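Colleague: For reference, the chains in residue letters:
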Amino acid sequence: MKTFQFTPAQYKLFLVPALVFLGIVVLSITATRMMITRFFEVRTEISTTSDTNQLLETKRATLSFLNAEDLKRSLQTSAIAIPADNSTLFALSTVRNLAAQRGVEITNFRVSEKKELATGGAKSIEIDLALHGGLQSILSFVDNIQSSTPVMKVEDIKITGSSGAFNTDLKIVSIWGPLPEKLGVIESPIEPLKTTEKETLERLGKLKRLQSQGFEALPPEGRTDPFSF
Amino acid sequence: MKKDLPKTKINLLPPELREVRGLHFFGAVATRASFAILGVYLILLLILFLGIFFLSRQLADLQNIKSSLVEDIGTLRSREGLLMSVRNRATLSKAIYQQTAVLPSENIDKALSLVPSDANLRDLSTKEGGPVILGVRAPTSASVVNLFANLKSKQQFSTAILNSFSLNDRGVYTLSLEIK
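Chain order of the listed sequences is P and X.
Take the first sequence: its position 83, counting from 1, is numbered 84 in the working numbering, and each next residue is one higher.
Take the second sequence: its position 118, counting from 1, is numbered 122 in the working numbering, and each next residue is one higher.
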């Protein structure tokens, strides 16, 4: 088989077109690669934007469906039930007023703030009470304490005494917590209130605010709607 | 008469260029192949370009819709704030309400309903989720029997442990029950 022999002059003749060709190939590959990359980027952006739009549409529908007045009312009642600021005085005022109403004598009390709850800076207050009074009065006091504002729960109870008067040690727990101050990003999903949440809010709304017996510690109010200026 | 002479090829090219002529065939094939590849490449490039163009238009449309939605939601943000705050209160109240354990006040009412009318409550204690310790003074043995009869008939508690039971010199029974 014959092999072609090129002279240096012939090599030079082919060198320039070969280099130009190589340049064109490299540029074409680069441009094509960029275009392909862009193509897939746009496809991904379309998919993302489409998902976001779907989410935003759902969010708009959810928000449009909400009744702002109902929400305001719920917030007002629930913010009294669970105040945004430290509610120790408010709770003590309720306890005192209720004891006066039910004819129960408070012989001793101790208030301590328990550790922070997991939810957004909320804290619980623990009130240890020593009471003296008739059994029915004490039982009525215990029942009413759990249906008055701020929200309170009797965690521990010990009644001792005779048929006339009883001494009672109670441990009452209440909570308070700041209202959220920042809204999430506009693309963040939102869900309407669940049935359990509605029931809880309804329960909070039914809590009674006691009438003052001499003095009244006002519930910490602040702005009940921190997002309305 | 014309006599056929044998055909003789004469190549006047210099020896170094004679073989190069053989390349012409391959050159022609290479040229055709190059044009074909270029054509295919240009078609692919055109498809890609059109694809990007239409996808970009679709993306622009979607972004316009998104802007409009964001604007709409912006006007409803106060409702979102209210919903967030209300939900926050509902979540916080779980610390008080969503305990599976029976509240002490509920247990007290049940425990007191067991005590017969002629007996006296001596002491009573309970805590959330815990048993009720019920101390009773009963003036007669019939009263004690009534207490246990109530405990059995009302079926409000599943277990009952008699912690202590005594009778003093005045004939008064004192007993302590742990019921749950």
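No lab work stands behind these hints, which were simulated from the structure alone.
It is possible that part of the hints are untrue.
To be verified - Derived DEER-like restraints, expressed as beta-carbon distance ranges:
(1) X:145 x P:104: 50 to 58 Å
(2) P:35 x X:37: 42 to 50 Å
(3) P:110 x X:114: 46 to 54 Å
(4) P:203 x X:176: 25 to 33 Å
(5) P:70 x X:165: 12 to 20 Å
(6) P:35 x X:101: 58 to 66 Å
(7) X:158 x P:203: 27 to 35 Å
Keep in mind that this is a model prediction, so the values were computed, not measured.
For each residue, glycine too, the CB sits at the ideal point set by N, CA and C.
Colleague: Holds or violated: 25 to 33 Å for the Cβ distance of residue 203 of chain P and residue 176 of chain X?
Modeller: violated (48 Å)
Colleague: Measuring from beta carbon to beta carbon, are residue 158 of chain X and residue 203 of chain P in 27 to 35 Å?
Modeller: holds (31 Å)
Colleague: A range of 46 to 54 Å was offered for this pair. Does it hold for the Cβ distance of residue 110 of chain P and residue 114 of chain X?
Modeller: violated (27 Å)
Colleague: For the pair residue 145 of chain X and residue 104 of chain P, does the Cβ-Cβ distance stay inside 50 to 58 Å?
Modeller: violated (35 Å)
Colleague: Within 42 to 50 Å: is that where the Cβ-Cβ distance between residue 35 of chain P and residue 37 of chain X falls?
Modeller: violated (26 Å)
Colleague: Has the hinted range 58 to 66 Å been met by the Cβ atoms of residue 35 of chain P and residue 101 of chain X?
Modeller: holds (60 Å)
Colleague: Does 12 to 20 Å hold as the CB distance between residue 70 of chain P and residue 165 of chain X, or does it fail?
Modeller: violated (55 Å)
Checked against the numbered hints above, the structure violates hints 1, 2, 3, 4 and 5; every other hint is satisfied.
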